Structures are given as C-alpha cells and as structure tokens.
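Please work from the sequences and hints to get the whole structure.
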Amino acid sequence: MPEAVISAKNLVKKYKDFPAVDGISFDIAPGESFGFLGPNGAGKSTTMRMVGAVSTRTAGDLSIIGLDPNQNGPEIRSQLGVVPQADNLDADLKVRDNLIIYGRYFGFPRNYLGPKADELLEFAQLTDKAKSRVDDLSGGMKRRLTIARALINNPRILLLDEPTTGLDPQARHVLWDRLFRLKEQGTTLVLTTHYMDEAEQLCDRLVVIDKGSIMAEGTPASLIRQYSTREVLELRFGSDRNAAVAEQIAGIGDRIEVLPDRILIYSDNGEAELQRVTEAGLNPITSLVRRSSLEDVFLRLTGRSLIE
Amino acid sequence: MTTIEAPPVAHVNRPFLLPSLYAGNARSVMERAVKATASSNWLIVVSGFFEPVFYLLAMGIGLGAYIGTIQTAGGQEIPYAAYIAPALLAVAAMNGAIFDSTWNVFFKMNFGKLYDGMLATSLGPFDVALGEIMMALARGLAYACGFMLVMQVLGLNLSWTAILALPAVLLIAFGFASFGMGITSYMKTFQQMDWINFILLPMFLFSATFYPLSVYPEWIQWIIQAMPLWHGVELMRGLTTGIMTGGMIWHVLYYVVMVVVGLTLTTRRLKALFLE
Numbered sequence: 001m002p003e004a005v006i007s008a009k010n011l012v013k014k015y016k017d018f019p020a021v022d023g024i025s026f027d028i029a030p031g032e033s034f035g036f037l038g039p040n041g042a043g044k045s046t047t048m049r050m051v052g053a054v055s056t057r058t059a060g061d062l063s064i065i066g067l068d069p070n071q072n073g074p075e076i077r078s079q080l081g082v083v084p085q086a087d088n089l090d091a092d093l094k095v096r097d098n099l100i101i102y103g104r105y106f107g108f109p110r111n112y113l114g115p116k117a118d119e120l121l122e123f124a125q126l127t128d129k130a131k132s133r134v135d136d137l138s139g140g141m142k143r144r145l146t147i148a149r150a151l152i153n154n155p156r157i158l159l160l161d162e163p164t165t166g167l168d169p170q171a172r173h174v175l176w177d178r179l180f181r182l183k184e185q186g187t188t189l190v191l192t193t194h195y196m197d198e199a200e201q202l203c204d205r206l207v208v209i210d211k212g213s214i215m216a217e218g219t220p221a222s223l224i225r226q227y228s229t230r231e232v233l234e235l236r237f238g239s240d241r242n243a244a245v246a247e248q249i250a251g252i253g254d255r256i257e258v259l260p261d262r263i264l265i266y267s268d269n270g271e272a273e274l275q276r277v278t279e280a281g282l283n284p285i286t287s288l289v290r291r292s293s294l295e296d297v298f299l300r301l302t303g304r305s306l307i308e
Numbered sequence: 309m310t311t312i313e314a315p316p317v318a319h320v321n322r323p324f325l326l327p328s329l330y331a332g333n334a335r336s337v338m339e340r341a342v343k344a345t346a347s348s349n350w351l352i353v354v355s356g357f358f359e360p361v362f363y364l365l366a367m368g369i370g371l372g373a374y375i376g377t378i379q380t381a382g383g384q385e386i387p388y389a390a391y392i393a394p395a396l397l398a399v400a401a402m403n404g405a406i407f408d409s410t411w412n413v414f415f416k417m418n419f420g421k422l423y424d425g426m427l428a429t430s431l432g433p434f435d436v437a438l439g440e441i442m443m444a445l446a447r448g449l450a451y452a453c454g455f456m457l458v459m460q461v462l463g464l465n466l467s468w469t470a471i472l473a474l475p476a477v478l479l480i481a482f483g484f485a486s487f488g489m490g491i492t493s494y495m496k497t498f499q500q501m502d503w504i505n506f507i508l509l510p511m512f513l514f515s516a517t518f519y520p521l522s523v524y525p526e527w528i529q530w531i532i533q534a535m536p537l538w539h540g541v542e543l544m545r546g547l548t549t550g551i552m553t554g555g556m557i558w559h560v561l562y563y564v565v566m567v568v569v570g571l572t573l574t575t576r577r578l579k580a581l582f583l584e
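Respectively, the protein sequence lines represent chains A and B.
Residues in the first sequence are numbered from 1 upward in steps of one, following the working numbering.
Residues in the second sequence are numbered from 309 upward in steps of one, following the working numbering.
To be clear, the hints were calculated from the coordinates, so they are not data collected in a lab.
Please read these numbers as outputs of a predicted model, since none were measured by experiment.
Computed list of lysine to any residue pairs in SDA-like fashion (alpha-carbon distance at most 20 Å, straight line):
no.: 1; chain 1: A; residue 1: Lys16; chain 2: B; residue 2: Leu581
no.: 2; chain 1: B; residue 1: Lys421; chain 2: A; residue 2: Ser55
no.: 3; chain 1: A; residue 1: Lys16; chain 2: B; residue 2: Phe582
no.: 4; chain 1: A; residue 1: Lys131; chain 2: B; residue 2: Val342
no.: 5; chain 1: A; residue 1: Lys94; chain 2: B; residue 2: Ala346
no.: 6; chain 1: A; residue 1: Lys183; chain 2: A; residue 2: Thr219
no.: 7; chain 1: B; residue 1: Lys421; chain 2: A; residue 2: Ala86
no.: 8; chain 1: A; residue 1: Lys9; chain 2: A; residue 2: Pro19
no.: 9; chain 1: B; residue 1: Lys421; chain 2: A; residue 2: Thr165
no.: 10; chain 1: A; residue 1: Lys16; chain 2: B; residue 2: Leu583
no.: 11; chain 1: B; residue 1: Lys579; chain 2: A; residue 2: Gln71
no.: 12; chain 1: B; residue 1: Lys496; chain 2: B; residue 2: Ile507
no.: 13; chain 1: A; residue 1: Lys9; chain 2: A; residue 2: Lys211
See below:
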C-alpha cells in the first residue's frame, strides 16, 4: 500500500468519561474510497470530526496528509472537503455566493473562484439555480450544493458524513454518480453511512464500528465471505410456526437465524437448501434465495436489537 | 465537466501568533458579513443610526432648552446638548458593537450553524472572532461618522479635538464587541440573552450620560466608574468639548485591557465550542 493520507493508531475520544471512540486504528491510502459503517451512536461522526481536524483527540496518534491536527489544523483543513451530516449552507447568501465566499475562507482569489464556482454548479446540476436563495432548494439540491462547496478548494480528501441520508432514490443515485466521478479523478473519499447499498456502491474498503470499536475491516466482498455465506435462503412459515419449524430443519445450511417474521438459512447454495427443506415435508408460505449482502454482515456484527 | 489546468492549492498563512488557531484570513469573514448584510438585514443596520439621533433631538435640543448649561467637573459651563451628545456617541458605539457581537453571533452559533462551516475550512477560531469583531467595528464607525456629522451641523463639537472621537469610537466598539462575543458564547437560550439588555439599559442611563456623576453618593460612583461605558462617555466628552485631562489615558487603558481580555476569551470559547 502506498503511504497513507490518513493514519490513525489507537485513536480515543472521550466526552467526560464516556468513550465515544475507544481505541481505533486504520490507514487510508491516497485515492482510496474508505467507509465507516455502524449504527447510530457508534462513533462514526466523532471519528470524522477528528479526521476533519475540528475535534481534538483524547489519546492515540492521528496523522492527516502527514500532519498532526493538534498543531496544523488550518493547513490540514485547507486540503480537506467536508460534507457534514446536516447541511450548514449559508442561508443569508445566494447559491453561487455560497461557493464563492466559502472559497474565500480558504484564501483563494476572486478571479479563480468565479469560473470554479460555475464549473461546480454545473457538476452539481445547479447552474440554473445560481441566483436562488438556499432556502428555496430541495433537500437533494442542498446536498449537492454542500458537496460542490466541499470541492471548491480541490481537496485531496473528501469527508462525507452520511451523504445521502434523507434523500429520495433518484437524488441518491445522482449523488452516487457524482461521487464516483470524483473517485475516478483520484480524490480520496472517506464516508460514513448506515446504508449497506451505499457502502457496497462506493467503498473500496470499510470498517464496521460499534460502541467506539472496530468490529471488522475489509473490502465489501471479503467481509461477506468472512462473516456471511454466499447466499441466504429466506423462508416464511407464518409468525406462529417459525420457531417450531426451525427445530425441524436444524442442520440445514451453515447457520440458521430465526426472526419473528421469517427464518434465514445461510448457505453457499440456497436452492439446494430449499430442496432439502421441501424434501423434509415442510411447505413455506414464501421462499426467497438471494445473495448475501453487507446488511447480513452488519447485522451479524452489530446485532439486531434496536440501539437507542 | 471542464478541467481547470493545474488547480491552485489553498494557501495558508502561518502567522507567528497562534498558528493552530489563526490562518491570517479574518478578511474573508468580514466579506461574508458585508454580503449577507447587503442581501438581508440592511434595514436594521440603517435604523441603528437613527436611535442616538432621536435621543439627541429629544433630550439634548428639547429638554436642553429648559436646562440651559451644565457645569462640568472642571467648572466649565457647556450647553446641555453638547454635554450629552458625546455620551450618546459612546452609547451608539456600544450598541452597534453589542448588536453585532451578541445577537448576531448568538443566531449564527445556535441556529445558522455558520461557524461549523467556517471552521471546517482553513480558517481558525481567531480568524472568525476577529472577522466578526472587525465587522462590528466597521458598523460602529459608520454610525459614529453619521452622528459626528449631525453634531457638527448642530454646533455641538466645541473643539478641533472632536475629530479624535472617531478613533476613540473604534476603541470603545472594539472593547464591547470582543467582550460581548466572548460572553455570548456562553449563552444557550433567549432568556439568557435578555440578561445582556438588563445590564446595558441601566449602564446607558446612569453612566454620567445625562448628568454628572457628582449627583450620586460616593459608593454608587465607584460602581459606575468600574463599568466600561462611563469610561467611554468621559473619554468622548473630553474630546468633543476640548476639556482634556491627563486622566483620560486611564479611560483608554481600560478599553485596551477590555480588548485583550475579550479577544482571549472569545478565541478560547470558539476553540472549546467548535474545535473541541
């Protein structure tokens, strides 16, 4: 692996005595697209704030583009693009001015920012909204403007905290397309998400974090191989019968998981397992064979109970 | 998408002072404030100019016709309007600076999330504090220039030293703005913000604004002399009436200390709040 642009070793962040991030280590290579997956409150955003040089670590080592954020905050931030979880666009400024003034914060001259702002508006498909007020934009447009704003300084690293939360499917796909183009141009992407499809779409490599610690690390495919099987057979016998049936089919597949509404059989060949179930004289109401996804990995690692 | 050849890399100054908190770019924060003011709340800005003018007309000219002259501590007799005009100028500097550095900052901190965005760039908390305070100063200076013009027209500037009141206005505004922004950073609710008005109003009324300090018993005089506005009023009055005393240097020093303490407090608080 080439020299990492972000390197964390035993990174800790405590609020009072509560460890929001509890000793995590990771390296991110230039041009890589790296994801933090985890349930709410896992420590994703806290990690992102430390990487964004806007939060001081409690312990451990952190190096971003070779610099220590405790000493070189402004220099590090000059090389980062940040897309926060909640849009914080400047409501007192017009759409295009949001880009230009943000560029001024980085110290860029106006004659550079004018054309750059127009280029980014086109990239974000907002050219005809240049003179609109920010409050008049839709959620998806605001998100795209926030991403465009984060690119005004040609960042080496783009940090995205749940970039598509709250967007409709069309808006998400537009956004994914734009992010993928940036990746092709060599921008390092670091993102947090709790959407598994997003992680599979965008991440070369990811870590699953829960309660401030890293539970697993790898490519989406390797994580599926390691923590799940190739396929999953989903059976429904009706919610009153599932538990009873599960005892009869014990031994089928690599692993069986009983949920209130259905039974999941993990196996490398779902069709074959379905055959064995029907040969045992059981007739499920519905059956479905599907590929394993990151969601299966995620739920296995972080559990199914609701985290509040 | 067209590509721009050799995209420039953001240039970050590394100032000698506070390198981790300051990027030498407070100018961009002011630029943002000017643009935002132009597109939204310029009416409020204009209205701030008229407030002290109305006071001057009502109290100075109106009430002043019945009062006639007033005797200063040094024994000189000066017209009542000329007595209160410099005090109102100091109050205008205070109000302009306080509005920009308290309510304006309070909204940006708690609702607009503006500073989160700014501090995600290469700006440091000191840039943000300095930029906002400079903006408050610019506004205070604009009010003061307008008010000085009114005083000149009404013949209330009694000496050439009145011109020195303009830099003095900046100093007073700087003191209030830097301190006000620091205090505001502790405020979480509207009720707490009302405390600021609760302190400002009596300070405005009792800081030898409308009559000399000598009417009070000695212990009250001590309290008033500990407050910042009294120093501003006395400094201004000395300059516009031309009755200069050596003691005025203490008024200046009072504000210098206020600026230093205020800036330190504000930068620390911004760091604690946004770079925690």
